Amino acid sequence: MIRIFLFWRLGLFLLTYLGSKILPLTANSGLGAVDLNKAFDYWYSWAQWDGGHFYSLANKGYVLASDYAFFPLYPLLINIFSLFFFGNLLIAGLVISNISFLLFLLLFQNLLKKMYSSKIAFNATVTFLLFPTSFYAVSFYSESLFLLLVVVCFYFLKDKKFLLAAIFASIASLARNMGIFLAISIIYSYFSNIKFEFTRLDIRFLRVFVAFLGIIIFGLYSYAQSSNPLQFITAQSSWQRSIQDPVSTIIGNIWIIITNSNTPLGQYTDLLITLIFLALLIFGIKKIPSSWWIFSMLVILIPASTGTLASMPRYLLASLGVFIILGKLLEEKQYLKVPIWTVSLFLQVIIAVLFINGNWVA
1 MIRIFLFWRL GLFLLTYLGS KILPLTANSG LGAVDLNKAF DYWYSWAQWD
51 GGHFYSLANK GYVLASDYAF FPLYPLLINI FSLFFFGNLL IAGLVISNIS
101 FLLFLLLFQN LLKKMYSSKI AFNATVTFLL FPTSFYAVSF YSESLFLLLV
151 VVCFYFLKDK KFLLAAIFAS IASLARNMGI FLAISIIYSY FSNIKFEFTR
201 LDIRFLRVFV AFLGIIIFGL YSYAQSSNPL QFITAQSSWQ RSIQDPVSTI
251 IGNIWIIITN SNTPLGQYTD LLITLIFLAL LIFGIKKIPS SWWIFSMLVI
301 LIPASTGTLA SMPRYLLASL GVFIILGKLL EEKQYLKVPI WTVSLFLQVI
351 IAVLFINGNW VA
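Under the numbering used here, the letters of the sequence shown match residues 1 to 362, in that order.
Derived from the structure by calculation, the hints contain no laboratory data. Just so you know, these numbers come straight off a predicted model, no measurement behind them. Glycine included, each C-beta is placed from N, C-alpha and C at the ideal position. Hints are supplied without guarantee of correctness; some may be wrong.
Stated by the list, open to error - Heads up, simulated DSSO-like pairs for lysine-lysine below, C-alpha to C-alpha not over 27 Å straight-line:
1. Lys-287 / Lys-333
2. Lys-160 / Lys-195
3. Lys-38 / Lys-60
4. Lys-286 / Lys-333
5. Lys-161 / Lys-38
6. Lys-119 / Lys-286
7. Lys-158 / Lys-21
8. Lys-119 / Lys-287
9. Lys-286 / Lys-161
10. Lys-114 / Lys-161
As the list claims (entries may be wrong) - Label pairs and their calculated CB-CB ranges:
11. Leu-301 / Met-115: 22 to 28 Å
12. Gly-11 / Gly-61: 35 to 41 Å
13. Asp-159 / Ile-2: 22 to 28 Å
14. Met-115 / Pro-264: 22 to 28 Å
15. Ile-251 / Val-349: 30 to 36 Å
16. Phe-283 / Asn-260: 26 to 32 Å
17. Leu-106 / Ser-290: 22 to 28 Å
18. Ile-22 / Asp-159: 45 to 51 Å
19. Ile-282 / Ile-22: 39 to 45 Å
20. Ser-237 / Ser-290: 32 to 38 Å
21. Gln-225 / Arg-9: 35 to 41 Å
22. Gln-334 / Asn-260: 37 to 43 Å
Let's have the full structure, built from the sequences with the hints guiding it.
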């Protein structure tokens with residue numbers, strides 16, 4: 001897998017760099033993007049959009065109320081590791097992201113080997129690597145760090161090491177808000193382990209609540225800085241997100257597409273990929289452990305409960321159960337491998353070039 005990753009990473013670099021040279025650039029006032037007063041910068045373009053907010057957090061900390069929508073672990077690590085790169089935040093962040101993603105792929109494949117087989121593990125891991133938005137895992141985003149913590153949590157959960165699983169779930173919730181949903185999977189796994197016989201509960205059950213420690217710490221920090229322990233929730237309104245049930249969000253998006261002939265292409269893809277992932281989880285419910293299914297479903301439904309499906313193609317990377325289902329499907333129907341992987345990689349290159357060139361994609 002290391003060689004596959006390196007080949008993929010080199011190819012991604014060459015194609016996105018070439019794309020930035022021959023295709024139109026879009027001004028967006030973000031890091032690296034071309035603008036009236038500055039030239040395009042390829043490397044900083046990996047930190048556009050949300051990456052710019054992580055860069056600002058690593059550099060200045062939480063300044064605006066809207067900053068609290070971004071969780072602290074990734075920018076904190078960038079700040080620390082920048083000391084090894086002469087204070088260069090960009091290099092530190094990209095190194096963290098790339099190493100985290102490689103470690104995630106290795107652990108994900110190894111864990112699935114233990115759970116299923118080498119072939120299914122390989123299929124699922126390669127499918128993830130070639131997924132159209134997986135390039136975000138090597139950009140200046142928190143995706144890969146979060147994915148690494150999630151897979152480590154499930155690694156310990158498989159071995160019924162609930163305290164260690166809870167510790168990494170806690171750390172994951174400092175990387176992304178969706179990390180808190182790991183706690184639900186851990187609690188379910190604990191009860192499943194005791195056959196849901198509540199009379200068998202003892203003091204050791206309290207260990208699972210360590211999973212909530214990360215979000216509590218961030219809440220206390222938010223309170224100390226802004227007098228609002230739930231500022232990370234309140235801040236969502238700054239990004240046009242509000243609480244709404246996922247069914248209404250999906251139906252609303254369908255209605256917009258039907259009634260508005262000028263609907264952006266991105267809104268079509270956001271809806272389509274969300275529905276595909278939901279369908280795979282619903283019909284594949286018996287193909288993966290319940291703890292994986294619960295987390296994979298929650299990381300779809302909760303973001304879809306904010307009134308918008310924007311960024312869903314990126315958020316869905318954390319729905320790891322879907323990639324396991326696809327890994328098993330490709331083992332059963334091997335003739336699907338080449339077409340699925342080819343189309344997926346083709347889309348990935350196009351979307352990555354669009355992103356580097358300054359366009360919003362996810």
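Now for the hints, and whether the structure bears them out:
1. Lys-287 / Lys-333: Given that 27 Å is the threshold and the Cα spacing comes to 15 Å, the pair holds.
2. Lys-160 / Lys-195: Between Lys-160 and Lys-195 the Cα gap is close to 13 Å, so the pair holds against 27 Å.
3. Lys-38 / Lys-60: holds (22 Å)
4. Lys-286 / Lys-333: Holds - the C-alpha atoms of Lys-333 and Lys-286 are around 18 Å apart, at most 27 Å.
5. Lys-161 / Lys-38: Violated: Lys-161 and Lys-38 sit about 52 Å apart, past 27 Å.
6. Lys-119 / Lys-286: Roughly 19 Å separates the two Cα atoms, so the pair holds.
7. Lys-158 / Lys-21: Outside the cut-off at roughly 47 Å; violated.
8. Lys-119 / Lys-287: Cα-Cα ~15 Å, so holds.
9. Lys-286 / Lys-161: The given pair, whose Cα atoms are some 23 Å apart, holds under the 27 Å limit.
10. Lys-114 / Lys-161: Roughly 16 Å separates the two Cα atoms, so the pair holds.
11. Leu-301 / Met-115: 22 to 28 Å: Given range 22 to 28 Å: holds, Cβ gap about 24 Å.
12. Gly-11 / Gly-61: 35 to 41 Å: holds (36 Å)
13. Asp-159 / Ile-2: 22 to 28 Å: holds (24 Å)
14. Met-115 / Pro-264: 22 to 28 Å: violated (39 Å)
15. Ile-251 / Val-349: 30 to 36 Å: With a Cβ separation near 33 Å, Ile-251 and Val-349 satisfy 30 to 36 Å, so the hint holds.
16. Phe-283 / Asn-260: 26 to 32 Å: holds (30 Å)
17. Leu-106 / Ser-290: 22 to 28 Å: Once the Cβ atoms are compared, 25 Å apart, the range 22 to 28 Å for Ser-290 and Leu-106 holds.
18. Ile-22 / Asp-159: 45 to 51 Å: holds (50 Å)
19. Ile-282 / Ile-22: 39 to 45 Å: Holds: the Cβ-Cβ distance is about 42 Å, inside 39 to 45 Å.
20. Ser-237 / Ser-290: 32 to 38 Å: holds (34 Å)
21. Gln-225 / Arg-9: 35 to 41 Å: With a Cβ separation near 37 Å, Gln-225 and Arg-9 satisfy 35 to 41 Å, so the hint holds.
22. Gln-334 / Asn-260: 37 to 43 Å: With Cβ atoms ~41 Å apart, the hint holds.
Checked against the numbered hints above, the structure violates hints 5, 7 and 14; every other hint is satisfied.
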